[in-house]
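Novice: For reference, the chains in residue letters:
Number of protein chains: 2
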Amino acid sequence: MRHSGRAFRSGREMTKKIPKFKTRVTELFGIEYPIIQGGMSWVADHHLVVPVSEAGGLGVLGAGSMSPSQLHGEVAAVRAGTSKPFGVNVPLTRSDAPKLIRVCMDLEVKIVFTSAGNPAVFTPELKEKGITVVHVVSNVRQAVRAERAGVDAVVAEGFEAGGHIGREEIGTITLVPQVVDAVSIPVIAAGGIADARGFVAALALGAEGVQVGTRFAATVEANCSIYYKNAIVRAEDAATVVVTRSLLPTRVIRNALAEELLRAEQRGAQEPQLREILGEGRARMAIVDGELAEGLIEAGQSAGLVKSLRTVELVFQDFLEGYVKVLNRLQGLVERRSAR
Amino acid sequence: MRHSGRAFRSGREMTKKIPKFKTRVTELFGIEYPIIQGGMSWVADHHLVVPVSEAGGLGVLGAGSMSPSQLHGEVAAVRAGTSKPFGVNVPLTRSDAPKLIRVCMDLEVKIVFTSAGNPAVFTPELKEKGITVVHVVSNVRQAVRAERAGVDAVVAEGFEAGGHIGREEIGTITLVPQVVDAVSIPVIAAGGIADARGFVAALALGAEGVQVGTRFAATVEANCSIYYKNAIVRAEDAATVVVTRSLLPTRVIRNALAEELLRAEQRGAQEPQLREILGEGRARMAIVDGELAEGLIEAGQSAGLVKSLRTVELVFQDFLEGYVKVLNRLQGLVERRSAR
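Protein chains in written order, with the working numbering: chain S, 1 to 340; chain A, 1 to 340.
No wet-lab data here; the hints were simulated from the structure. Be careful, since some hints might not be right.
As the list claims (entries may be wrong) - Here are the computed lysine to aspartate or glutamate pairs in the EDC-like style, where the Cα-Cα straight-line distance is at most 20 angstroms:
1. Lys325(A) with Glu335(S)
2. Lys307(S) with Asp181(A)
3. Lys99(S) with Glu125(S)
4. Lys110(S) with Glu125(S)
5. Lys229(S) with Glu294(S)
6. Lys110(A) with Glu147(A)
7. Lys307(A) with Glu321(A)
8. Lys22(S) with Glu321(S)
9. Lys99(S) with Glu128(S)
10. Lys325(S) with Asp181(A)
11. Lys22(S) with Glu335(A)
12. Lys20(S) with Glu335(A)
13. Lys325(S) with Glu335(A)
14. Lys22(A) with Glu321(A)
15. Lys127(S) with Glu27(S)
16. Lys110(S) with Glu27(S)
17. Lys229(A) with Asp289(A)
18. Lys325(A) with Asp181(S)
19. Lys110(S) with Glu32(S)
20. Lys22(A) with Glu335(S)
21. Lys20(A) with Glu335(S)
22. Lys110(S) with Glu147(S)
23. Lys127(S) with Glu108(S)
24. Lys110(S) with Glu128(S)
25. Lys307(A) with Asp181(S)
26. Lys129(S) with Glu108(S)
27. Lys20(S) with Asp318(S)
Construct the complete structure from the given sequences, taking the supplied hints into account.
Specialist: Next comes the structure, spelled out in structure tokens:
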């Protein structure tokens, strides 16, 4: 594997600045750093998962764009590339979700992320098999429900995230602390995190780990179209919009298709008309085929923070060295009034 | 003044835990803590501004709901209550903004916050009079324009904020670092900050101060309806919605009026119909008169984090003691790999 965490093992000077983390999330997954790569459909296959896990984070396969047999092959490919922990993300709204879950159990995948849908359906069976289960939530009610269903952790994903987002549109900065207050299991923050500043901010809000999507999509290793990656790199602060709010709110980079959807919604278009404009396979078109006008360019608001393609190991280095720098800066803003 | 920063002057035990801050924002305003109270229309009069400034933050009068002569009286009332720095917020979209600006200059107000509108119009004249000028922005382009116009600092206000928000709907966690990267003047973060966790998160993102609205509206001292304050305290994570997106996006707590506006927008209603539903004086109705069904209950997403009415001094105590606690927690998550 070309980029497998080399900097952390060989580079002595770098290693000195890399802190060692211990949170309930690093303990739960058995990983070195509380950085989870989002299981993005069409993006997160073994090409991305292996280097992330090798770097000390948690790589997560995005089963949302895989058939059960493709998932089978991807799990095998990850295992051929790394012996470190990894996960699989299964969107429960997929009609063949039971089959994808079955593949995870058959192959003894140790960590499963479920998103959308009801966590009570598969969690008991997964837990019985000794699998660690994490559910993605976008509001407090869902988090409480997931905890009751027996999951081991939740991802609290804010409005800033790419692709499908929660209807309530709660920003990461208010969502994370409220979820932390509402549940006792560990919380992983997601939505808008693309550098060390967001990483520290998320942990300050009470999270014990972060899930990062868009930043990892724009890596050298990610197996998606270079046109899609470049669209993320070029994106500025206001580049993304939420389309199909009344159907399934989805954050994408603004393009001709997104404009058409927004105009239709503003005219009061209902579900059938929106579905007609949307057609089929639009995310794949943008992400895999690089059709940037015709496709849905799913990406988070953090695209504005992504200014260059990087290797996975450089992304880790930025987050980890940056953590220490940001902490030192925060410390430097205050002086204690009394000696301790 | 009943609550004027008493805890910080008399309470020895408390004082010990309160850190002393130094950022470009505390220096710019001549204040002790980088906590600015948002100049909320109908909420921010001298009853709130005096205790905030006395506690060591920056109280800001909300001129958006005042006539020039009312503003005159409010500035006098603030000066009767405190000799500490305070500011005035003037929304530049108000037709009589020039008159409000004139009052600020005539009374030699030292700090003026301008919001909406073009910062190039009044900034040169205000700066000539030696007034510190801060402009509120909701995207990077506006921030760059404000810096070019000569303002001393910007407030970067995220989508989570209450009342009028930016059309681009950029969340605080992605907006703040991008504005910090784009300008060299100090940045004050706003939108979604109601406790020490959000305070630390905002500073981690690169801000040198925070502007807090909703949390200060739900204080004992704020001179607004107890029904409005209680609506904030009762609000949960998903309580707020953005209405009149096509007109002037405004975040409010969901009620009968908000539902009606949302339904109309979903049907494709255009400006005249929305204006008819909206009518006149709806924010005042909710905030001053406590008409919670008929009024527009302007509030930020951070309402979900506000669980009780507090005095201004308790809000400061929570933020400041909490800062040290959160920093210690962040430090505790890592250990340096090598001795330094």
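Novice: In ascending order, which of the hints set out earlier in this document are inconsistent with the structure?
Specialist: Those not satisfied: there are none.
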